[in-house]
Amino acid sequence: MAEPVLVTEALTKEFGGLVAVDQVSLDFATGAVHAVIGPNGAGKTTLINLLSGELRPSSGRIHFQGREITGAPSNRIARLGVGRSYQKTNIFPEFSCLQNCWIGAQARLPTSMRFFRAARRYRAVAERAERALAQCELAHRKDVPAAEISYGEQRQLEIGMMLATEPTLLLLDEPLAGMGSDESARVIDLLRRLAKDHSLILIEHDLDAVFAIADTITVMVNGEVLETGPPSQIRTSAAVRESYIGEGDTS
Amino acid sequence: MSARSESRLVSRPLVGLLGLAVVGFAIFPWLGGQYYVDLLMRVMILGIFAMSLDLLIGYTGLISFGHAAFFGLTGYVLVMVTPETGSISVWLALPACLIAAALVAAVIGWMSIRTSGIYFIMLTLALAQMLYYFFNDSTKYGGSDGTFIASRPSVSIGSLRLLDLGDRLTLYYVVLASMVGTFLLLMVLLRAPFGQVIQAIRANEARTRALGFAVQHYKLASFVIAGALAGFAGFLEATHTGIISPAHLSWHESGLVMIMVILGGMGTIYGAVLGAFILVFLQEFLQDMTEHWQLALGLIIIAVVLLLPKGVAGLPKQLAGTVGGRRQSRDAASVVEANDG
Chain A
1 MAEPVLVTEA
11 LTKEFGGLVA
21 VDQVSLDFAT
31 GAVHAVIGPN
41 GAGKTTLINL
51 LSGELRPSSG
61 RIHFQGREIT
71 GAPSNRIARL
81 GVGRSYQKTN
91 IFPEFSCLQN
101 CWIGAQARLP
111 TSMRFFRAAR
121 RYRAVAERAE
131 RALAQCELAH
141 RKDVPAAEIS
151 YGEQRQLEIG
161 MMLATEPTLL
171 LLDEPLAGMG
181 SDESARVIDL
191 LRRLAKDHSL
201 ILIEHDLDAV
211 FAIADTITVM
221 VNGEVLETGP
231 PSQIRTSAAV
241 RESYIGEGDT
251 S
Chain B
1 MSARSESRLV
11 SRPLVGLLGL
21 AVVGFAIFPW
31 LGGQYYVDLL
41 MRVMILGIFA
51 MSLDLLIGYT
61 GLISFGHAAF
71 FGLTGYVLVM
81 VTPETGSISV
91 WLALPACLIA
101 AALVAAVIGW
111 MSIRTSGIYF
121 IMLTLALAQM
131 LYYFFNDSTK
141 YGGSDGTFIA
151 SRPSVSIGSL
161 RLLDLGDRLT
171 LYYVVLASMV
181 GTFLLLMVLL
191 RAPFGQVIQA
201 IRANEARTRA
211 LGFAVQHYKL
221 ASFVIAGALA
231 GFAGFLEATH
241 TGIISPAHLS
251 WHESGLVMIM
261 VILGGMGTIY
271 GAVLGAFILV
281 FLQEFLQDMT
291 EHWQLALGLI
301 IIAVVLLLPK
311 GVAGLPKQLA
321 GTVGGRRQSR
331 DAASVVEAND
341 G
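Protein chains in written order, with our numbering: chain A, 1 to 251; chain B, 1 to 341.
These aren't lab readings, by the way, just hints derived from the structure by calculation.
Keep in mind it's a predicted model, so treat the numbers as computed, not measured.
There are no misleading hints in this set.
What follows is a set of in silico ranges between Cβ atoms, one per label pair, in the way DEER data are often shown:
#	chain 1	residue 1	chain 2	residue 2	range
1	B	21	A	121	20 to 30 Å
2	B	122	A	242	50 to 60 Å
3	A	73	B	308	38 to 48 Å
4	A	211	B	185	56 to 66 Å
5	B	15	A	121	18 to 28 Å
6	B	308	A	121	32 to 42 Å
7	A	124	B	159	42 to 52 Å
8	B	118	A	147	23 to 33 Å
9	A	124	B	151	49 to 59 Å
10	B	86	A	73	51 to 61 Å
11	B	243	A	124	48 to 58 Å
12	B	150	A	147	49 to 59 Å
Idealized CB from N, CA, C, for every residue including glycine.
Between the sequences and the hints, there should be enough to build the whole structure, so can you do that?
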């Protein structure tokens with residue numbers, strides 16, 4: 001098998017006395033969809049924040065494409081090709097939808113310390129921004145301020161901004177959160193399409209969606225990895241059933 | 001794309017209005033008396049100063065409360081470089097002033113931008129006050145009284161004298177050109193990739209970082225550019241008045257320029273000039289009317305902040321919004337009626 005896109009070694013994050021992420025060692029395969037599931041408070045979002053550089057790990061290491069990125073700031077990690085979307089919508093509300101993607105697309109320039117030529121004259125940036133907007137199916141909302149589009153559309157824009165940076169690895173924190181079933185179906189389709197040429201790490205509470213699109217599933221409980229394996233294994237795992245899925249519905 | 005950046009910065013009718021304003025400034029010296037020419041010159045210089053602060057407050061989201069440091073500093077730099085007899089060439093004096101302002105802005109900015117919110121405000125205030133006390137306590141530069149600038153910088157190429165900055169009218173047009181130039185420069189900056197990033201930082205700093213931008217670098221660059229432009233305004237001010245005192249870099253001056261930006265409308269650039277205009281003329285007329293003019297000024301500022309959250313520059317849009325809003329609620333009411341019927 002090819003080299004994993006991302007590897008964590010005994011990754012740990014403590015907040016005061018609380019261990020939010022505890023000795024997590026995982027390999028995320030290149031080109032695969034790797035879902036992380038678990039009850040609230042299992043440390044899933046903290047794990048994503050560690051991978052994206054928004055939090056510094058207390059101990060342990062992270063390697064992205066063979067390169068150690070432990071402790072690197074989020075902007076450096078983003079430039080290496082790691083994009084992320086947020087559980088709580090995190091956009092530029094007063095900018096138009098296109099401009100939201102534009103900022104992401106511009107992050108691909110070697111530097112934005114460019115003071116004189118108008119931004120809109122950068123054709124490659126414009127193309128990337130338009131492409132990302134089309135990918136998240138918001139081309140028709142191009143000039144509408146992001147604050148004025150629907151919640152579901154804002155969730156799509158969230159993904160579009162990330163795509164505009166042209167990442168190779170996508171960290172998706174509950175992309176379906178709060179969506180209606182139609183909107184969910186659209187985003188699941190989008191994730192399927194993205195999975196063809198990206199590696200995905202996905203946190204999601206919608207287990208139907210997870211089992212439908214994930215190649216590998218990791219179950220986290222109390223900051224620790226309970227089990228990792230293909231969906232068929234997780235679905236039938238006694239340990240997982242007992243500590244997590246068993247609590248809710250067993251669909 | 002063009003619709004986007006133009007609607008965000010300057011709309012088409014506004015370009016016409018601003019053009020008219022510039023024409024107004026340009027022909028005023030033939031209509032008004034010397035006194036008002038001086039007053040307008042003050043408006044334009046403070047306008048440049050306020051525009052530079054708007055880059056920070058209105059576009060980068062950095063509430064600097066020490067912006068007068070750069071404005072006052074260049075006056076002192078001009079004193080330092082001006083010989084006791086003869087004059088210094090503007091080609092030396094101006095770069096010296098701009099470099100000094102940019103360097104000091106780099107130092108103050110480097111220390112301040114690692115904080116945010118109230119801490120940023122306090123740090124910029126404290127660092128600027130240090131500079132204030134430095135000049136206030138320095139006997140070499142006249143202490144708290146300040147000092148005269150021996151001569152105005154000369155503008156010449158070789159032995160050819162191009163302009164006489166000592167001539168009121170010449171200086172007036174130099175200041176006018178400087179104001180227009182500063183405005184255009186800021187428009188260019190804001191439309192360039194750099195401008196897009198600082199506006200993104202103001203809107204959502206964490207997300208801008210997560211998208212891959214080293215936001216601290218952009219904030220510092222913005223701070224240095226704004227400091228250099230404030231220094232440019234200070235250079236013009238010192239050339240205009242021929243005097244510099246610590247008051248120019250006190251927190252009082254920093255507060256006044258912030259009021260100009262807020263009065264005029266943050267995040268518009270031209271609003272800063274409008275704010276300077278309003279403040280200077282309010283001061284002028286209120287002083288004539290009553291000795292309690294500062295009380296009246298305070299009340300007016302409070303009224304503007306409460307009633308015009310987008311400043312005077314935002315007034316047309318606000319009026320349009322009110323009318324539009326009424327129409328909308330009327331439509332909504334008719335829908336309700338239709339349902340009832």
